[in-house]
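The sequence shown begins at 25 in our numbering and counts up by one.
Hints are computed from structural coordinates only; laboratory data are not their basis.
Even for Gly, the Cβ is constructed at its ideal location relative to N, Cα and C.
Treat the hints with care, since some could be wrong.
Distance ranges between label pairs, derived from CB positions [claimed, not checked]:
no.: 1; residue 1: G251; residue 2: Y104; range: 42 to 52 Å
no.: 2; residue 1: S192; residue 2: R446; range: 31 to 41 Å
no.: 3; residue 1: P403; residue 2: S157; range: 49 to 59 Å
no.: 4; residue 1: P370; residue 2: P403; range: 30 to 40 Å
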Amino acid sequence: MAEEHLKVYLRERHIGNLMPMRSGARFMFLEEIVSTMEGSPLLSTALTVQGEAFNRAQTANWFTGLLPEDNRLTEISRFYGIEQSNYYDVLREIGWECAGAVSVLPEKVAITATETPDKSLIISKEELAARLSALPSHPYDDVRTLRVSLGGFQEKLCVVATIPVEVSNGYAKMDRVGIPLDGAISTHILKPQPRRFPGMIEGEAWAMAAASLVTPTAKTALLEIDGAPLTLVVQRFDRIVVDGVFRRIHQEDCAQAMGLSPHQKYAASGTPRRNDPTFLQITSLLKNYAEDPLEQMEQLLCQVFVNVVLGNTDAHAKNYAFLHPDENTIALSPMYDVVPATEITPQVTEMGMRINGRIRLDRIEYEQILNEAVSWGLPQRHAAAVLKDVADKLREGVEQASKLYPQAARHHKDAALDRLRRAMK
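All chains, please: the whole structure from these sequences, using the hints.
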């Protein structure tokens, strides 16, 4: 166990420390943060600012959510020769490059200014294609190009687009791409086609295009590049340009926001568990911290409806997220990782989270979606009007997405329209 503590930064501001203990760690805010921001969701709605240290379970659940998952966690653990179950040791090695606005650094290491994409290794299109083809075996060259903290089971590559990405008819050209160095900011995420699931990437492009007519989504397109697997380009929504400089927007996924570990991101099959993620918990947090809770609940209802209709059975608690636009408020993030999974993995019949007590996709209809919204506190007539508007927009979204990606449409369009009819009976 390391003797020194780890410093936790929000962007470039030191806000607290991770203090090692036997079998874990405890997080504690700095006194100057507590004196001016007590009760603030500065870092998380699950770890609001307080003077006492958080216990080991609270600390582990949130900070484990910063780590990569599955193969990437195994790869990085082997690279450094550490146990992947020891999140503290993993953060000590890679916490400087966490995907969002949080950094975790050893006590004697100073944070560097990384809010600019200038520090990047410019690569050719041929090299980019080779890197995409090599995933997941070679996610980085050395410690300077380390970029493995993004969650999810799909392999990803973070890059900097040093000139604007040109998008036309659902396809993108990236003429100058860099690999961020030493924790420098990235602007785009590239997701190549997984070998295990043919059609997934074009299916995600199709679903994201359909969803974009309904509610804010991460901007996506398919990458036009020779010699690489089919790849989705995702523009990061947790970035903003201020005076010509890229800045990070703090975010946390809803599993973190609810105080759950990544292993608790799915609702249990069969009998619900006490610690299952729920939409009611998400809306409770929105009521406490959102600037306009009603608007945010409407947006959440849109997201839930879209995931049901498009068959995104993998819409678990880590695939919903909050942005932290300032020190005291939260807002739902745009939709991301919308995959028509039910046609790609038909053996998976359950949604990631329950809707009005039901988890099987084929048993979730209009009544369940409406009643779920009413349980949040939305008036029934108001929720019904939102659903009617969303359904009309999503029908048009499916049609437009099918023109952009006809191959994906052959697999997903009819099934989505059938679920739409069932969801609006």
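Exercise. Given a hinted range of 31 to 41 Å, is it respected by the beta-carbon distance of S192 and R446?
Worked result: Distance hint for S192, R446 holds at roughly 35 Å.
Problem set entry | Range hint 49 to 59 Å (beta carbons of P403 and S157) holds or violated | About 52 Å separates the Cβ atoms of P403 and S157, which means 49 to 59 Å holds.
Problem set entry | Supplied distance hint 42 to 52 Å, evaluated on CB atoms of G251 and Y104 | At 31 Å between Cβs, range violated.
Exercise. Is the distance from the Cβ of P370 to the Cβ of P403 consistent with 30 to 40 Å?
Worked result: 37 Å, holds
When held up to the earlier numbered hints, the structure conflicts with hint 1 and nothing else.
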